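Asker: Sequence:
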Amino acid sequence: MIRRVAAAGAAAAGLLLATRAAPASGPEDGAVLRGHVGVVSSVAFVGERIASGGMDGTVRLWDAAAGRELRVLRPGGEVNAVALSPDGRWLAAGHGRRVTVWALPGGRQAWTRDLGGYPASLAFAPDGGELAALASEGTLLRLDPERGDVRDTLDVGYGGAATYSGDGRWLAAGGARVRIWTRAGLPADTGRVLAGHQDVVYALAFAPDGATLASASLDRTARLWAVESGAARDTLVTAHPARLVVGGRVREIPQQLPVTAAAFSPDGRTVATAGGDRALHLWGAATGARVRSLEGHTRAVTALAWGPGARLASSSADGTVRIWSVPP
Numbered sequence: 001m002i003r004r005v006a007a008a009g010a011a012a013a014g015l016l017l018a019t020r021a022a023p024a025s026g027p028e029d030g031a032v033l034r035g036h037v038g039v040v041s042s043v044a045f046v047g048e049r050i051a052s053g054g055m056d057g058t059v060r061l062w063d064a065a066a067g068r069e070l071r072v073l074r075p076g077g078e079v080n081a082v083a084l085s086p087d088g089r090w091l092a093a094g095h096g097r098r099v100t101v102w103a104l105p106g107g108r109q110a111w112t113r114d115l116g117g118y119p120a121s122l123a124f125a126p127d128g129g130e131l132a133a134l135a136s137e138g139t140l141l142r143l144d145p146e147r148g149d150v151r152d153t154l155d156v157g158y159g160g161a162a163t164y165s166g167d168g169r170w171l172a173a174g175g176a177r178v179r180i181w182t183r184a185g186l187p188a189d190t191g192r193v194l195a196g197h198q199d200v201v202y203a204l205a206f207a208p209d210g211a212t213l214a215s216a217s218l219d220r221t222a223r224l225w226a227v228e229s230g231a232a233r234d235t236l237v238t239a240h241p242a243r244l245v246v247g248g249r250v251r252e253i254p255q256q257l258p259v260t261a262a263a264f265s266p267d268g269r270t271v272a273t274a275g276g277d278r279a280l281h282l283w284g285a286a287t288g289a290r291v292r293s294l295e296g297h298t299r300a301v302t303a304l305a306w307g308p309g310a311r312l313a314s315s316s317a318d319g320t321v322r323i324w325s326v327p328p
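Going by my numbering, the first residue of the sequence shown is number 1, and it counts up by one from there.
Honestly, the hints are just simulated from the structure, not real lab data. Bear in mind the structure is a predicted one, so any value in this text is a computation, not a measurement. Accuracy of the hints is not assured; some may be wrong.
Claimed, not checked - Label-pair restraints from in silico Cβ distances:
{"no.": "1", "residue 1": "D152", "residue 2": "L70", "range": "29 to 37 Å"}
{"no.": "2", "residue 1": "A286", "residue 2": "R147", "range": "41 to 49 Å"}
{"no.": "3", "residue 1": "A226", "residue 2": "R147", "range": "31 to 39 Å"}
For glycine and all other residues, C-beta sits at the position ideal for the given N, C-alpha and C.
Given the sequences, and given the hints that come with them, work out the whole structure.
Answerer: Here you go:
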């Protein structure tokens, strides 16, 4: 059984982090949401609602503005993935070998279904009309969020991450390789492989304009891809004399601290990364330069999600969710 959250404190992660900058202090340290017992594995942020899932078997819904817990759901089994639909209608959780969806704001369970494998990743399409559920065994289901009906099944080869582009045009999934589909062409479209990674891909994120896709792999590289052409634009790689990297610009990273989360800011100007060193790191998306670091978590950071108003939510193995204010 593969659990991405377990890799947050180990050396099995894709994105790699450079040397640490000075920690931030002051109001940007943000609110701390407490309630989970043990590792918080996933976080989602839409409007003024934050959803979090944990190894304690709970899904928690929070009021982001007030920092108040609104609801606790217990779907059964450890929760490895959560997602909120952009229209605010649905909350999804991957737990055990199942996916469960609740209707919001009331929290009525809409449906639950067997995924056929351990849930590695969940993602809603931008219009809220589709849910992608990826099993670690490599099966990607496109589901009707209202009824749970399977629209089609895609083979990823091995499951790590799935995501939609902000314009809804693209669906990407990372397994043994990164594969990208044009949604309008599904189910006939067999997808296009972005070749380069040499191990399982565990994190994917589109830039808001959909033109760039970031991927992170257990091969200890992170890559930026030009979506239209499929070309590798940039590669971040740890120093290793036996490593061969082909395609795009290569930037060497002096440290090997694992990072398990990455997210583009809503304006596309900033990329946030986090992982085993417990800090959040903000980078200029165009330049690749580190802007600042945010510290507060006491254990590995497991997931990141941007919200409105330059706010960033982070979940951690320390049992908390934090909301950070990130001035432009």
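Asker: The structure should be examined with respect to each hint, and the outcome stated for every one.
Answerer: The hints, checked one at a time:
1. D152 x L70: 29 to 37 Å: At 34 Å between Cβs, range holds.
2. A286 x R147: 41 to 49 Å: 42 Å, holds
3. A226 x R147: 31 to 39 Å: 37 Å, holds
Against the hints set out earlier in the document, no violation occurs for any number.
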